[in-house]
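Model the placement of chain B on the given structure of chain A, informed by the hints.
There are 2 protein chains.
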Amino acid sequence: MYPKSFKKLIDYFSSLPSVGPKMAERLVLYLFKQEAEMLSDFGETLKNLKNNLRYCERCFNISEGNLCEICADNSRDAKKICVVEEPLDIIAIERTKKYNGLYHVLGGVLSTTKNDDLGQLKLNELSKRVESEKTEEIILAMNPTTEGDATALYVVRLLKDSGVRATKLARGLSTGGDIEYADELTLGSAILNRK
Amino acid sequence: MYPKSFKKLIDYFSSLPSVGPKMAERLVLYLFKQEAEMLSDFGETLKNLKNNLRYCERCFNISEGNLCEICADNSRDAKKICVVEEPLDIIAIERTKKYNGLYHVLGGVLSTTKNDDLGQLKLNELSKRVESEKTEEIILAMNPTTEGDATALYVVRLLKDSGVRATKLARGLSTGGDIEYADELTLGSAILNRK
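First to last, the sequence lines map onto chains A and B. If you want my numbering, it's the position in the first sequence, counting the first as 1, plus 1469. If you want my numbering, it's the position in the second sequence, counting the first as 1, plus 1469.
Pulled out of the complex, with its shape left as it was, chain A reads as follows (with noise of 0.2 Å):
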């Protein structure tokens, strides 16, 4: 029913994340509707992400060079390293302006990995860098479901010869939520930590 062409982007629209059939022949009728020169420009930005951009080769952030803006960063706290399970987690953290030391990029948890091989995820790269940099301190920050926690546990298993420090982003309540609402893990978790 649809011309070819129009079919073909709007599959390519609906197979991303949370994006359904309906609103993909949406965003495409609306894409149609833009200048010639827009969707080219939109087009070229897409056929060249990965061209322009590869994984920072110290903590496999996402970079435009070997090293991602922030390890080329000398200002920042080398001897501490946050891992993180995707490139998204340092954006959320580096906003909240609290944190000045460097990133691990896991690429993932554990139990997401289960089907592949566990090196997918940048384990040995992460206890190497500890070694070779002389890190002090290592922040555990993935999300906090049972696989993060599992990761977690793995990490500090992993690293817990090389003498690391390694701390957890506190569990608690949420900033400007209810407790009425807050779940009975959280909330436990946020009486037993009280301070």
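Since the hints were made in silico from the structure, they are not lab data. For every residue, glycine included, the Cβ atom is placed at its ideal position computed from N, Cα and C. It cannot be assumed that every hint is accurate.
Claimed, not checked - Computed spacing ranges between beta-carbons, pair by pair: (1) A/Lys1473 to B/Pro1490: 28 to 36 Å; (2) B/Ser1484 to A/Leu1627: 38 to 46 Å; (3) B/Arg1523 to A/Ser1544: 50 to 58 Å; (4) A/Val1625 to B/Glu1504: 31 to 39 Å; (5) B/Asn1517 to A/Lys1603: 48 to 56 Å.
Coordinates of chain B only, in the frame set by chain A:
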């Protein structure tokens, strides 16, 4: 914080309807993890969206040739024209398989174009078609909204001297809703019960 080309793509995705900045970040990160070939093809399809497609010169549906598939199909009843706001409405009506006539895409409704020239809507083109194609019935299938109703009224007045019979989709559609999202049964009986 983001590399420039990453940020640029996020901005493009954020500019799409119903895609917020957080969702745009996730989409771009997802895309970054895909194969370069997929990205290249996706980008190429996007770039060429307008090159491969145009508006049908008869009904203004989206088309690969001068005439869209429906206008080019001789088995369809050329004495009926169903007037819709947008090409996606055609898809929705075609899915019901209850209509075998032609279409005419206005490209919007009256109030959405109040800052533009009224001539942006394909109204003159419609009255010329009704005259030259000796149309017997016009089915007004605008969205059941105030603007849709106003546009339908305008079309009826525009064509009142032509002697064409004007029918409207039965109300069974929920007022304030969108034709595109109507389920097939409701939309199908709305077509059969037109008056």
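Okay, the hints, checked on the actual structure:
Judged by the Cβ atoms, the range 28 to 36 Å given for A/Lys1473 and B/Pro1490 holds: they are separated by roughly 32 Å. Separated by about 43 Å at the C-beta atoms, B/Ser1484 and A/Leu1627 satisfy the suggested range of 38 to 46 Å. With their beta carbons about 55 Å apart, B/Arg1523 and A/Ser1544 fall inside the hinted range of 50 to 58 Å. For the hinted restraint 31 to 39 Å between A/Val1625 and B/Glu1504, the CB-CB distance of approximately 34 Å keeps it satisfied.
For the pair B/Asn1517 and A/Lys1603, the beta carbons lie near 53 Å from each other, so the given range of 48 to 56 Å is met.
When the structure is compared with the earlier hints, no violation turns up for any of them.
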